[in-house]
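Let the sequences and hints guide you as you build the complete structure.
Quick note, the sequences are listed as chains A and B, same order. In terms of numbering that gives the first Met the number 0, the first sequence has 301 at position 302, counting the first letter as 1, and numbering is strictly consecutive. In terms of numbering that gives the first Met the number 0, the second sequence has 26 at position 27, counting the first letter as 1, and numbering is strictly consecutive.
Keep in mind that the hints were calculated from the coordinates and are not lab data. Careful, some of the hints might be misleading.
Since copy identity is lost for identical chains, a pair holds within one copy or between any two.
Claimed, not checked - For lysine-lysine, the following DSS-like pairs were computed, each having C-alpha atoms within a straight-line distance of at most 25 angstroms:
id : residue 1 : residue 2
1  : Lys66     : Lys360
2  : Lys57     : Lys367
3  : Lys367    : Lys480
4  : Lys367    : Lys66
5  : Lys480    : Lys373
6  : Lys267    : Lys480
7  : Lys66     : Lys373
8  : Lys224    : Lys373
9  : Lys181    : Lys261
10 : Lys480    : Lys360
11 : Lys360    : Lys181
Protein chains: 2
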Amino acid sequence: MHFRVILKIIGFLLILIGLFMLLGIPFSIYYGSDDIPALLISGLGTALVGAILWITNKMEFREEITKRDGYLIVTLGWLAASFFGTLPFIIYGAIPNFTDAFFETMSGFTTTGATILNNIEAVPYGLLFWRSMTHWLGGMGIIVLSLAILPILGIGGMSLYQAEVAGPSKDKLHPRVQETAKRLWAIYVLLTLAETILLMFGGMSLFDALCHSFGTLASGGFSTKNASIAYFNSPFIEYVIIVFMFFAGTNFTLHYFALKGKPFNYFKDSEFRFYFIFILFVVLSITLYLDIHNSQPLENSFRHAAFSVVSILSSTGFVTVDYERWAPFFSEIFLVLLLFGACAGSTSGGVKMVRYQILLKNSLLELKRLLHPKAVLPVRQNNEPISNHIISKIAAFVLLYIFIFLFGSIALSITGLELSSAMGAVAACLGNIGPGLGSTGPATNYANVPELGKWFLSIIMLLGRLEIFTVLILLSPSFWKK
Amino acid sequence: MHFRVILKIIGFLLILIGLFMLLGIPFSIYYGSDDIPALLISGLGTALVGAILWITNKMEFREEITKRDGYLIVTLGWLAASFFGTLPFIIYGAIPNFTDAFFETMSGFTTTGATILNNIEAVPYGLLFWRSMTHWLGGMGIIVLSLAILPILGIGGMSLYQAEVAGPSKDKLHPRVQETAKRLWAIYVLLTLAETILLMFGGMSLFDALCHSFGTLASGGFSTKNASIAYFNSPFIEYVIIVFMFFAGTNFTLHYFALKGKPFNYFKDSEFRFYFIFILFVVLSITLYLDIHNSQPLENSFRHAAFSVVSILSSTGFVTVDYERWAPFFSEIFLVLLLFGACAGSTSGGVKMVRYQILLKNSLLELKRLLHPKAVLPVRQNNEPISNHIISKIAAFVLLYIFIFLFGSIALSITGLELSSAMGAVAACLGNIGPGLGSTGPATNYANVPELGKWFLSIIMLLGRLEIFTVLILLSPSFWKK
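Below you can see the structure in the form of structure tokens.
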């Protein structure tokens with residue numbers, strides 16, 4: 000383990016985070032809010048701690064980072080960001096309780112969007128901007144993590160989706176990571192700006208438009224309004240957000256190809272087709288149900304269905320309507336949707352479509368294999384054969400995910416939450432979605448979750464965001480042996 | 000396909016079934032019930048149809064049966080049994096509706112135990128005996144199927160648990176099947192007799208003791224009483240049934256070794272240990288909860304917890320208490336338990352412990368594999384390494400199972416059932432357990448499920464009983480090609 004290198008990198012991260020905290024100040028000045036001292040102290044303090052770590056830890060030129068260092072950097076990075084990220088909330092006093100502040104910031108950096116704030120609109124502008132910024136920074140981290148770092152670490156059998164970097168057999172982080180990251184971030188920034196302009200066109204202020212674009216592209220879900228997107232009462236804004244939530248759930252390399260003039264690559268990608276058709280099917284089914292049972296215009300039913308489904312499946316968590324009130328069984332339907340997630344290589348959380356798709360293909364192929372026991376019939380994804388080794392890795396991930404969901408729900412319910420709400424909360428936090436069910440559902444928030452439950456859910460968010468194994472591996476004794 | 004051989008075997012099966020129908024007549028005579036004509040007509044009629052099929056279809060001596068024939072025989076066998084098995088109920092008029100009668104008989108032969116009878120005690124003795132007999136015959140079929148036939152057909156990656164027969168590479172049914180089946184049936188009969196004697200010792204009549212032993216060893220769940228086991232109000236009887244339900248959920252080859260003087264083989268088997276510890280953990284947790292929240296003696300809490308948990312996990316479905324009323328969240332807990340099942344090679348249904356165990360081991364090993372990417376670290380079960388090929392087969396099965404559970408629940412809810420009851424019903428029928436949740440739960444039955452839903456659930460029971468693939472493969476076009 001190269002602890003000095005690790006500390007130096009965490010230091011660098013904290014300098015960045017500190018500087019980003021200051022970006023809310025212009026809005027504080029413009030709106031005359033009184034949170035400038037809190038932002039200044041937090042931002043400069045965080046950057047100072049970062050600078051000390053950076054300066055005191057020397058790294059030899061081109062010192063190589065191992066996989067183990069990688070695991071530790073990723074988990075420590077998210078923890079350090081969530082820890083220092085609480086400072087503005089605590090110093091200002093908007094969230095005086097540390098547990099709450101940590102939950103809120105972890106929810107931000109993991110792009111979950113679960114909130115403990117009962118009155119979001121009472122929080123000053125600069126802090127709200129920082130709150131949405133945690134999403135955006137978390138999303139940036141996830142893009143480079145999921146498309147460049149995790150495949151090298153070999154997590155969850157996703158390495159095959161990574162043409163840009165070397166396979167999982169290499170033990171060193173690849174230098175091309177930086178190149179890949181830069182390109183993907185450019186797309187991320189571009190999409191954020193595009194949505195911001197469209198939202199302003201739809202009537203949002205620059206402030207609201209930026210905050211909601213941060214929340215959308217990161218598939219986060221923090222809003223600046225108590226009523227979330229319902230506040231704006233604008234079909235145009237809702238459609239814009241539906242489209243960009245859908246984009247946020249798409250593999251960013253596909254956006255990259257589209258911008259390079261290959262827009263048809265979207266539908267050449269097997270996972271994207273699955274994602275698209277799955278959403279279409281669920282949205283149209285729910286639209287049909289709502290149209291039969293509600294006396295609203297068809298467009299209304301479609302918009303509410305599309306917004307809710309895309310919001311949950313992309314793991315964003317914005318809300319326009321309390322879908323649990325459509326009918327009692329929608330709680331169960333949305334509980335299932337909470338366990339999906341969108342595409343790999345996006346900012347979305349959860350299991351991801353491609354894992355289910357490959358396992359489902361494997362299940363259906365099994366019928367053929369039984370009929371032709373001597374034939375070699377591998378699952379194919381984008382025309383590439385997928386080995387049983389990868390299938391076994393994917394199965395390992397999905398089973399562990401469901402295991403954590405089930406036992407986490409029971410554990411959380413012991414802290415005092417009703418079991419169905421606990422199931423919703425764990426599914427929503429593990430999938431980095433935000434709103435769960437019942438007392439943690441779309442019509443409410445996480446304020447009333449018991450203290451212990453908030454810590455538990457903070458860890459669950461981190462586990463989900465870092466694809467479980469990245470965090471769990473740190474608990475393995477053999478990780479720490481030479 | 001050797002259709003003549005297939006028909007001949009189905010004919011043989013029907014002769015047996017017809018003869019077994021007559022076995023209830025002594026009880027009808029003893030109790031003076033008026034169902035003797037119905038049993039005679041049904042029994043002799045079924046045997047006659049069987050005899051015609053047997054005689055008109057010639058089979059060359061030692062004509063070989065292929066795997067494809069095997070699939071067809073198994074599915075057709077269960078369908079034919081369930082079809083002809085309805086005759087006594089319909090001719091007598093105890094269940095005049097064919098849908099209901101088919102549901103009840105399929106529930107019997109698949110050892111599910113879900114009933115549509117609102118007043119079981121109004122049904123005459125001979126018919127009730129036949130009803131319990133369908134369980135027992137179904138259980139006999141399952142033992143030979145799961146331990147001798149399915150491994151040859153290569154279903155669900157279970158072939159490795161079969162030391163007695165050849166591996167899945169052979170294309171012909173192994174002649175040793177007969178030998179294995181005989182030994183296992185002897186154990187099945189022995190255990191049934193042992194339970195019958197103990198239940199009589201506990202105060203049951205021979206009739207009730209036999210019927211309930213049939214229901215226990217087959218992990219069925221049909222009772223002769225409306226209140227199921229609660230009727231007898233006898234802790235002794237409940238403990239006897241707990242133990243035998245537990246036995247019914249144990250791999251029958253372990254019983255075989257035990258009877259050959261190797262009782263310690265139970266705990267040498269990895270799946271058995273998992274099954275045992277899992278049950279112990281759940282029972283003790285629930286006992287603790289009940290002891291804290293109910294003002295009953297500890298023994299009461301333990302007995303009710305043990306009975307309910309063993310009944311569901313062994314996929315039997317006998318009832319002593321409405322566990323859904325312990326607390327609202329017990330519905331969710333039992334819904335999860337409905338998705339487990341007991342040991343492979345037992346009469347229990349569902350996914351089975353060993354599949355979850357292997358997948359779970361695979362998930363935990365993944366952490367080690369990430370740390371030592373170059374090491375070969377296979378999952379081991381009973382000290383045998385398990386290839387990724389098998390892991391992929393098991394994942395294929397489990398995913399398909401959960402997929403059918405989820406989409407089946409939604410489909411069933413469209414027929415008019417509330418979604419949570421539909422989920423309970425599909426989980427309970429797919430796992431061949433019996434009582435589901437809510438309106439199909441332990442305190443009620445399946446009488447009010449809509450007509451279409453009953454057909455749907457009948458198919459679900461068959462799918463679950465035959466480990467899904469056996470049935471689905473018949474729907475594949477390439478199955479029917481030369």
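How the hints compare with the structure:
| no. | hint | result |
| --- | --- | --- |
| 1 | Lys66 to Lys360 | between (31 angstroms within a copy, 23 angstroms between copies) |
| 2 | Lys57 to Lys367 | neither (58 angstroms within a copy, 31 angstroms between copies) |
| 3 | Lys367 to Lys480 | between (45 angstroms within a copy, 12 angstroms between copies) |
| 4 | Lys367 to Lys66 | between (39 angstroms within a copy, 13 angstroms between copies) |
| 5 | Lys480 to Lys373 | between (44 angstroms within a copy, 17 angstroms between copies) |
| 6 | Lys267 to Lys480 | neither (45 angstroms within a copy, 32 angstroms between copies) |
| 7 | Lys66 to Lys373 | between (39 angstroms within a copy, 13 angstroms between copies) |
| 8 | Lys224 to Lys373 | neither (60 angstroms within a copy, 51 angstroms between copies) |
| 9 | Lys181 to Lys261 | within (19 angstroms within a copy, 66 angstroms between copies) |
| 10 | Lys480 to Lys360 | between (39 angstroms within a copy, 22 angstroms between copies) |
| 11 | Lys360 to Lys181 | neither (34 angstroms within a copy, 39 angstroms between copies) |
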